[in-house]
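Chain order of the listed sequences is D and P.
Residue 51 in our numbering sits at position 51 of the first sequence; the count goes up by one each step and never skips.
Residue 210 in our numbering sits at position 66 of the second sequence; the count goes up by one each step and never skips.
Hints are computed from structural coordinates only; laboratory data are not their basis.
Possibly wrong hints are sitting among the right ones.
Said to hold, decoys possible - Over the 10 Å line for every Cβ pair with chain P, so calculated as not near, a few chain D residues: (1) Val31; (2) Met34; (3) Thr35; (4) Arg62; (5) Leu64; (6) Met74; (7) Asn78; (8) Tyr85; (9) Asp105.
Claimed, not checked - Chain P stretches covered by chain D per the calculated footprint, using a threshold of three residues with CB under 8 Å from any CB of chain D: (10) 357 to 364; (11) 422 to 433.
Stated by the list, open to error - The following label-pair restraints were derived from C-beta to C-beta distances: (12) Lys38(D) x Lys317(P): 46 to 56 Å; (13) Pro26(D) x Val303(P): 56 to 66 Å; (14) Gly59(D) x Phe439(P): 46 to 56 Å.
All C-beta atoms in this analysis are idealised placements derived from N, C-alpha and C, irrespective of residue type, glycine included.
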Amino acid sequence: MSEFKSGFFIGGEACNGRVLVVDDEPDIRKVVKMTLQKAGYEVLEAENGEKAIEVINSGENRLLLDVVICDIRMPKINGAEAIAYFRSNYPHVPLIVLTGFPDTDMATSFLRQGVVDYLVKPVEGEKLRSAVARAMEQRELARL
Amino acid sequence: MESSDYTKVAILGAGRGGRALLDLLHQIPSIEIVGIADRDPDAPGLARARELQVPVTTNVPGLISNHGLSLIMDVTGDPEMETYLYTHKPPTADILSGSASRLLWKLIQHESKLEAELLQAEKLAGIGSFAAGIAHDINNPLQLILGLAENLTEERDLVAVHEQARDIIQAVKRTSAICRDLTGYSRRASPHEDVPVAVNGKLDEALKIARYASNFHDIEMIKHYQPGVSVKGNPDELLHVLVNLITNAVHAMEHVGGTLTLETKLCEGQVDVRISDTGCGISPDKIPEIFEPFFTTKAPGKGTGLGLYNVKTIVNKMHGVIAVDSQIDKGTTFTLTFPNAEPDRQGPLP
């Protein structure tokens, strides 16, 4: 895993950063988690926007959460609302949209709001990992 | 009702033309069909007339001497009948026969073709609103399949391999079910004759389809189904009606959530189907317009304005009525009332 040299270790496992996956489908969270864990990321899950906001506001996540991957079509607080919240309260945390519905207008509007990537399901593991790696770089820059 | 608006009609001939006339005229409240006559006791229009409780006879002189008869519609195509009518009709009655009745028959056929076209046009226009739901429901399992398959290329644990392969199979099945649901819905309503349709099953089928067209997040579902109720009609058309009403109900609760209640009930020989939401409601001044063609409250390009018009057309064709009860910010209830398809059953099962 040469591309993740900057990793440090937590409990004996490589940790290249902490990622929050927000999706109402447990299957998606499971498979995204599987894909990212292989690249040494620690993955947290939330099933909707409301839960995602809870997670980012809880304890050390305020400081340690590096990247959020967010679906759009979700119950409670949907993806668009959650993204607006993250942008205004945690502007240094890069956001990646992972959606089942390719919509150019929506993509443009999210990218304008500062979302770093707009990925359409199904996305290959490699593509997802490199999107997260790019987002991590941005996060590092924001920390400097 | 003004008596001058009221028309008493006799239909002569119960073939395809007579039957179509019967179906059409029966829907118009200001028309009373005093009877239908045909020499052939097996003519299709006679069976239909019995269902609609319209008097059936072979006695033409008796029928046309009915008191206050204002119109005789002769669709027998028999020149002798035409001659007979002109010499024996009561002075108050007009006659529609020969080429005039053939023209009317053509117009009716044309109208029913137009109705079918409108229905199809609305369905096709509506497919657009399904796109987001379909994409979501297809791409999610695809993501699972792709992720698992990628993992399988390097997975060493045989137990995990088996488990993930099973997950992939399930995901493929889920995806193919989507296509099955939707192809059934988008096809042109099959022209088969009216058959008894189990309403509860149709409501569940409609619910599945409506999920693609609208966002059911934050919607609580309540079902009060009376077991075994059925109505007579075209199953595809009834499905269309229910999808339409459920989709509207869910749209009315968009962003705020609420409760969708589906109810079926058999009472006094009639079947009630009720679809209620706790959404935004319809303002009282709009209610008289909602069944008009091309009336829509949606943004341009979002609604065809044909939805409720088609709903009403189909419900009337099934000899049913539709009623709406709505309060702003409280919700809306649409009640469909149909004749019971199983007249032996007048009430709930014991």
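Okay, the hints, checked on the actual structure:
no. : hint                             : result
1   : Val31                            : 3 Å, violated
2   : Met34                            : 6 Å, violated
3   : Thr35                            : 6 Å, violated
4   : Arg62                            : 28 Å, holds
5   : Leu64                            : 25 Å, holds
6   : Met74                            : 7 Å, violated
7   : Asn78                            : 7 Å, violated
8   : Tyr85                            : 16 Å, holds
9   : Asp105                           : 12 Å, holds
10  : 357 to 364                       : holds (count 3)
11  : 422 to 433                       : violated (count 0)
12  : Lys38(D) x Lys317(P): 46 to 56 Å : 27 Å, violated
13  : Pro26(D) x Val303(P): 56 to 66 Å : 20 Å, violated
14  : Gly59(D) x Phe439(P): 46 to 56 Å : 54 Å, holds
Hint violations for this structure: numbers 1, 2, 3, 6, 7, 11, 12 and 13, all remaining hints satisfied.
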